[in-house]
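Undergrad: Here's the letter readout for the chains.
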Amino acid sequence: MNKPVQVQSVDSGCSDDLILRERGQREVFCGLTGIVWLHRKLQDAFFLVVGSRTCAHLVQSAAGVMIFAEPRFATAVLQDRDLAGMADCNEELDRIVNELLARRPDISTLFLVGSCPSEVIKLDLANAAQRLSVAHHGRVRILNYSGSGIETTFTQGEDNCLKALVPELPEQSATVKSLLVVGTLADVVEDQFMRLFSEMGIESVHFLPPRRATELPAVGDGTRLLLAQPFLGETARSLLARGATLLEAPYPFGVEGTLGWLQAAATAFEVSAQRFETVTAMPAARAERALVHYRELLGGKRISFLPDSQLEIPLARFLQRECGMHAVEVGTPYLDRRMLVAELDLLGGHERLSEGQDVENQLDRLRNDRPDLTVCGLGLANPLEAEGLATKWSIELVFTPVHGFEQAADLAELFARPFTRRERLRFRSCS
Amino acid sequence: MQLTLWTYEGPPHVGAMRIATSMEGVHYVLHAPQGDTYADLLFTMIERRKKRPPVTYTTFQARDLGSDTAGLLMKSVRDAYERFKPRTMLVGESCTAELIQDQPGSLAMGMGLPIPVVPLELPSYSKKENWGASETFYYLVRTLLKKQADNRPTAGESAESAKARPLANMLGPSAMGFRTRDNVEEIRRLLHAIGVEVNVVAPDGASPEDIARIPQADFNICLYPEVAKTTCSWLERTFKQPFTSIVPIGVGATRDFLAEVGEIIGEQINAVMVEEDCSRLPWYSRSVDSNYLTGKRVFIFGDATHALAASRIASEEFGFSVVGLGTYSREFARQVRAQAQQLSLDALITDDYLEVEKAIAEAEPELVLGTQMERHIAKRLGLPCAVISAPFHVQDVPAQYSPMMGYEGANVIFDTWVHPLMMGLEEHLLGMFRDDFEFHDDAVPSHLGGSSAGSEPEQPTASPALAVAGEAGSDPVAWAKEAEQELRKIPFFVRGKARRNTEQYAQDFGLDTITLETLYDAKAHFNR
Ligand code: SF4
Ligand code: SF4
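These protein sequence lines are chains A and B, in that order. Residues 1085 to 1515 (my numbering) are what the first sequence spells out, left to right. Residues 208 to 735 (my numbering) are what the second sequence spells out, left to right.
Treat the hints with care, as some may be off.
[What the hints assert, rightly or not] Okay, derived cross-link-like pairs now, DSS-like style, lysine-lysine, Cα gap no bigger than 27 Å in a straight line:
#1 K1385(A) with K704(B)
#2 K447(B) with K353(B)
#3 K258(B) with K1476(A)
#4 K565(B) with K586(B)
#5 K1125(A) with K586(B)
#6 K257(B) with K1385(A)
#7 K354(B) with K292(B)
#8 K586(B) with K696(B)
#9 K565(B) with K1476(A)
#10 K704(B) with K586(B)
#11 K1261(A) with K1125(A)
#12 K565(B) with K354(B)
[Unchecked claim] Pair ranges (Cβ atoms, derived):
#13 P605(B) with H1434(A): 43 to 49 Å
#14 T1298(A) with S440(B): 55 to 61 Å
#15 Q711(B) with E1299(A): 39 to 45 Å
#16 D1164(A) with G412(B): 34 to 40 Å
#17 E416(B) with H1434(A): 56 to 62 Å
#18 D1448(A) with A466(B): 53 to 59 Å
#19 S414(B) with E1299(A): 55 to 61 Å
#20 N1211(A) with L561(B): 52 to 58 Å
#21 D622(B) with F1511(A): 25 to 31 Å
#22 P1251(A) with L561(B): 48 to 54 Å
#23 A1168(A) with H732(B): 53 to 59 Å
[Claimed, not checked] Covered stretches of chain B, as calculated for chain A (at least 3 residues, CB under 8 Å):
#24 213-225
#25 245-255
#26 264-277
Derived by calculation from the structure, the hints in this document are not laboratory data. The C-beta atom is built at its ideal place from N, Cα and C for all residues, glycine as well.
All chains, full assembly: derive it from the sequences and hints.
TA: Shown next, in the form of structure tokens:
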């Protein structure tokens, strides 16, 4: 384990495909982080982490100052008594859940979220969820998933959460053909896509997660899946198992990605080429126009991605092909090829692709490469800035609406801002 | 299990990180899963530190659990030693690693590294951040002073002949402490003014070599008991170094602190003279403008050191009425209880955010002094708030010199506490003159930045009872239109009280609507 850097060729049969695989210290949040955006989307859901003070501290640090109200997430913090067997963990959990549900009558779905400690002590949350579901039958649906750092990185938490919803989806009758968009999208973006699909004549369109956990979409043989995020492999596989068909497409970042993504749906629903063109031409052209300015700012600049959000590959594709940037290294926590077929085809192949992480080695390479911009996690950003390397926090990419035509320029702007800032600021820091 | 919405303190290994990050030449190898690396951002984002914390995480994964996590730990120790060449290494574990029982400390000790290795065992499921910082600092100091301790020398002995002025160590200032950078500077100046030189400041900025010089000082200043008290007690026992018990926050405490230092070094210190020159707080509090501060109801919650200091300053130096006092530092609950008792209050000792929120709502304060959590609470209740203690956000690490300690600290405290009250005042003035032609309903208090509050005219700023009434399940009493209008004519600075009293009256007399009559009946009732 934890082998030094090694370059391996992958067994895909492509000799030019060299991937740097690393196993060492990772500097990535765990899947619990997803709670921060999932709870904002699922407005009637509550996320109860069963874990330690560390887990509570992580979620709160990732959420930052964004939340003033009583949040719809909390941690059941394990105590010495629980571990020493003085208290029965299951009884304790039941007590806390009862307390919580009494306090929050507005909650329709409760997620018990597993953590490293709960997994190491083998606390069976699936079992607990079942038991509690019976107890609270008719009022609250209780599900479980793992957001633990030993099982998941950063955005994988969303994958596990959505996967936990899949068995709950009603069965769709075999004759119905519908489109299911999977992945958390800002409401405004969802509405934009909804309009485009309906203009194309695709009427039955649903989103997972829905805005309310009580409004779960149906799934069946007629379901066509369109993934809005590249980190939802497990959810996709579960949906396939329920009869759905995956539409292969790039992800809807930038004009090209959005067009390709919509095209996949159009093809599946037999939308005529002409109609597709009519519907997409205007917003695509508008997005193109908005991007011109950013292409000037970003063109020719070199960018590196540290492995973090799993959005690295689609974003590198967008920045290279639509903004004229050069990707130096594109790191990703793990490479799920099946989910990235269309993206990898578009990527270019000149960038250094790396999977996994050994943060110290990675930083050595970064200092050596000295890209104009580095996309990284919050812990690394200021130290890199202090070394003179401009950065962009990857966490913003999952908190900000960046999908679709209308957001293409906003997405570019996120990467352009550090350059604009550097241009404006006249003085370097003196210490 | 304990249901936790927000936590005041992180886990104990974050406390250990605070010690490592404060110091030079120290590296911390932490047996922990990848998610635990979030803790780096506390230092690099909130404190805007330019360097990553000197921490190597083993980031073991599920697939490692069955095989050799101990091997992974040893590899991490070796790699970290090779790469960072630390002169002292801390080795410990976070909550998850504690469960798999690899004993990282002893493993590392057995590796024969040519540097001191301090094994840390910080129980994650019973202890918290400040305790972790305190223990880490203590074990680190003990380890590095082991040889000297065995020789049993006494304080100041080694340098006795060469030394002209008394020497003191300043112990406790650390990363993620409240205003550490400026407090150290301020106390250094203060000590200089009375002829005391600073020997070592630790952990902030100290190297292992600095730690080794600690015994050279005559005494220790325990600047932050949450982190340094255990160490100071040990140094007293071992090296006969006395230490200060008073934390110099506020004019009175600074004066007492100086007197205590004087006692230790056997000199009279004319604190009053120093103070006249250095703090504007006493005069500002006596100036006529501050009449409106007198008797303001204030709720205080924070770590023990800052809560204790704030309650003294509030009552003795501002003339406020302290209506609530509490802390999340259970280790220092006794002191806080004693102080609360003096103020005829029951101390709130808890780390349950909901309990604090409830207590604040019930106390109906006009100002909240707390942590970032209380800032959230105060915001919800529409109350002015100043942050006086960790945990804090990036905006509580100001660019300008802003100590809390010493006489300049007292000036800073005056400004930071009065500021939110003045802001509230501005808001009220707008409300008061709302019918004047220059002030229309859409006018927004300038500090709200022009965009937000326009749509919510006249929030019940002084009526927390109303804001939480819904939660408590009791129906709030309704206000008749003309009574509400009459209430607005009452000067803003007593309006909140009038509203509270009237509602109380209506409730006591079982009225469900407050009419004009009720308003004046209540006034007469409470005038008695
Ligand atoms: S992306 Fe291209 S090079 Fe890589 S495996 Fe697929 S086809 Fe081969
Ligand atoms: S990595 Fe594990 S222990 Fe750490 S915060 Fe995430 S789930 Fe909790």
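Undergrad: The structure should be examined with respect to each hint, and the outcome stated for every one.
TA: For each hint, the structure was consulted:
1. K1385(A) with K704(B): violated, 61 Å
2. K447(B) with K353(B): holds, 15 Å
3. K258(B) with K1476(A): Satisfied, since the Cα-Cα distance of roughly 17 Å is no more than 27 Å.
4. K565(B) with K586(B): holds, 14 Å
5. K1125(A) with K586(B): holds, 24 Å
6. K257(B) with K1385(A): holds, 24 Å
7. K354(B) with K292(B): Cα-Cα ~23 Å, so holds.
8. K586(B) with K696(B): This hinted pair holds, its Cα atoms lying about 25 Å apart.
9. K565(B) with K1476(A): violated, 40 Å
10. K704(B) with K586(B): Cα-Cα ~19 Å, so holds.
11. K1261(A) with K1125(A): Holds - the C-alpha atoms of K1125(A) and K1261(A) are around 26 Å apart, at most 27 Å.
12. K565(B) with K354(B): The given pair, whose Cα atoms are some 52 Å apart, is violated under the 27 Å limit.
13. P605(B) with H1434(A): 43 to 49 Å: Cβ of P605(B) to Cβ of H1434(A): about 46 Å, so the range 43 to 49 Å holds.
14. T1298(A) with S440(B): 55 to 61 Å: holds, 58 Å
15. Q711(B) with E1299(A): 39 to 45 Å: Holds - the Cβ-Cβ distance for Q711(B) and E1299(A), about 44 Å, lies within 39 to 45 Å.
16. D1164(A) with G412(B): 34 to 40 Å: holds, 35 Å
17. E416(B) with H1434(A): 56 to 62 Å: Given a distance of about 49 Å, which is not inside 56 to 62 Å, the answer is violated.
18. D1448(A) with A466(B): 53 to 59 Å: holds, 55 Å
19. S414(B) with E1299(A): 55 to 61 Å: holds, 60 Å
20. N1211(A) with L561(B): 52 to 58 Å: violated, 28 Å
21. D622(B) with F1511(A): 25 to 31 Å: At 27 Å between Cβs, range holds.
22. P1251(A) with L561(B): 48 to 54 Å: violated, 33 Å
23. A1168(A) with H732(B): 53 to 59 Å: holds, 56 Å
24. 213-225: holds (count 7)
25. 245-255: Holds: 8 residues of the region 245-255 of chain B have a Cβ under 8 Å from chain A.
26. 264-277: holds (count 10)
Figure legend: structure checked against the earlier numbered hints; hints not met, in rising order: 1, 9, 12, 17, 20 and 22.
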